[in-house]
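K.L.:
Listed below are the residues making up each chain.
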Amino acid sequence: MLVSLASTLVFAIITWLFVVNTPGWAVVQQRFFSPEAALVALPRVWDGFLLNIRVLLVAVAGVLVLSTIIAALRTLRGPVFFPLRALAAGYTDLFRGMPLIITLYLVGYGIPGLIGTGGPRIPSYVLGTIALVLTYSAYVSEVFRAGIEAVHPSQRLAARSLGLSHGKAMRLVILPQAVRKVTPALMNDFVAMQKDVGLISVLGAVDAVRAAQIEVAADYNYTPYVVAGLLFVLLALPMIRLTDWYTARLRAREQIGGIV
Amino acid sequence: MTEVLRIENVWKSFGDTPVLRGIDLAVDSHEVVALIGASGSGKSTLLRTINLLERIDDGQIWLTGVDVSTPTTKADAVRARIGVVFQHFNLFPHLSVLDNVTLASRQVLRIPRAEAEARGLELLGRIGLAEQARAFPDRLSGGQQQRAAIVRAVATNPELLLLDEITSALDPELVTEVLDLVRELKDDGTTIVMATHEMAFARDVADRVVFLDRGTIAEQGTPAEVFGAPREARTREFLSRFLG
Chain F
1 MLVSLASTLV FAIITWLFVV NTPGWAVVQQ RFFSPEAALV ALPRVWDGFL
51 LNIRVLLVAV AGVLVLSTII AALRTLRGPV FFPLRALAAG YTDLFRGMPL
101 IITLYLVGYG IPGLIGTGGP RIPSYVLGTI ALVLTYSAYV SEVFRAGIEA
151 VHPSQRLAAR SLGLSHGKAM RLVILPQAVR KVTPALMNDF VAMQKDVGLI
201 SVLGAVDAVR AAQIEVAADY NYTPYVVAGL LFVLLALPMI RLTDWYTARL
251 RAREQIGGIV
Chain Z
1001 MTEVLRIENV WKSFGDTPVL RGIDLAVDSH EVVALIGASG SGKSTLLRTI
1051 NLLERIDDGQ IWLTGVDVST PTTKADAVRA RIGVVFQHFN LFPHLSVLDN
1101 VTLASRQVLR IPRAEAEARG LELLGRIGLA EQARAFPDRL SGGQQQRAAI
1151 VRAVATNPEL LLLDEITSAL DPELVTEVLD LVRELKDDGT TIVMATHEMA
1201 FARDVADRVV FLDRGTIAEQ GTPAEVFGAP REARTREFLS RFLG
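Chains as they are written, first to last, in this note's numbering: chain F, 1 to 260; chain Z, 1001 to 1244.
Just so you know, the hints here were simulated from the structure itself, not pulled from any lab data.
Every residue gets a Cβ at the ideal spot worked out from N, C-alpha and C, and that includes glycine.
Treat each hint with caution, since some may be false.
[Stated by the list, open to error] Taking CB as the label site, the calculated pair distances span: (1) Z:A1135 <-> F:L84: 33 to 41 Å; (2) F:G90 <-> Z:L1109: 36 to 44 Å; (3) F:L157 <-> Z:G1128: 40 to 48 Å; (4) Z:P1093 <-> F:G167: 17 to 25 Å; (5) F:A248 <-> Z:D1207: 53 to 61 Å.
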């Protein structure tokens, strides 16, 4: 404990001295870590950040619903369901391969284009949310599918033997066990998603990143970016800790009776 | 005697491997039929075809006089009338013992939760597991889990109970408690078809013993007939390996 503390301290001091003694440190400190600039930017960046959180909450809900449906479609058996399976497989292939930023542009400019100039104007943060849901559902549905396939077939057999329909067996027996199996992976995807929420700024939504950009443009001080970045880190930390804790707990449970 | 189950000329292959080759079997109400035979003789497959978990290639299956082997059969409704207990219990690990027992009553028969739980608790009480009703299955011993699985299978008052080698995965000292429960069910008048390796139990409890050999019924009769004076050479050979 004492050793680790001391070594951490020494390491931190060395790093600090190294950074502070670089030739450009004085300028960088002023441009990126100015307390005054941070205070000035904070209210607006914070307002933008609240939009990020709202988008995140809606997107998480959307991803959970859409990815569950996609995963369930992919596990359907029988030749009758081939079109649905193929559709779901094509969807996951497409959106796992497509860079999120391209999806953002395609949705952000494509959907308003389809509606035409006469139609209603959709706020850019709504379009951004749609793009996020499309991309992340492709990933998360694969996680769910892995979980569904990790549930032993005998569980499905037992459920169907009781007279439960395919849908009910899925909903009441298979999915609850699948979700438990993949929760750590799932939480990890949501950590990734909470920072990617910042990308909706490319569509013009005034979120934390965009607000910071506006502040930066005012006097060429980059501190607002750091402020926005720190806010995202603070948002992620509880989720990251929760993921670690839950993963450790699962491991501990599975290892009852010795670690070999 | 009313007939609960009638199977006629049932064939089933997995790929090129024939597993059931023209099985005929009729089971009367309150009858206990034991299926015996070597591994791979088709006992488990036969049970699964009765429950429509396997589609048969040819033949017909009637449940209480209704042909359930037609393409238009509502398989879920048929399965709801048949209870099944598996070798590895297959309790649902994410549900409490009571929820396991009441799931079909609530979700398939649509019995209100309170009513289903009252019956579930009564059944669990009868097998001495009332205390563990709210526990999860992994807190129970193998024997307790299998008894809970049996209770789950009979909670909906099925017309037929299928037992698929329900003691094969149990430690020897836990077998008795499970078999005692089966005996009680027989005494209550439950119609049972069971695949088993417990020859002593089959002799003791079954009304009829059916010896399966490579997908056909080689011999059947009362336990006294099949165990006491087997007519077929292959029955004798099988029994000598088992009974020593």
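K.L.:
Hint by hint, which ones does the structure fall short of?
P.N.:
3
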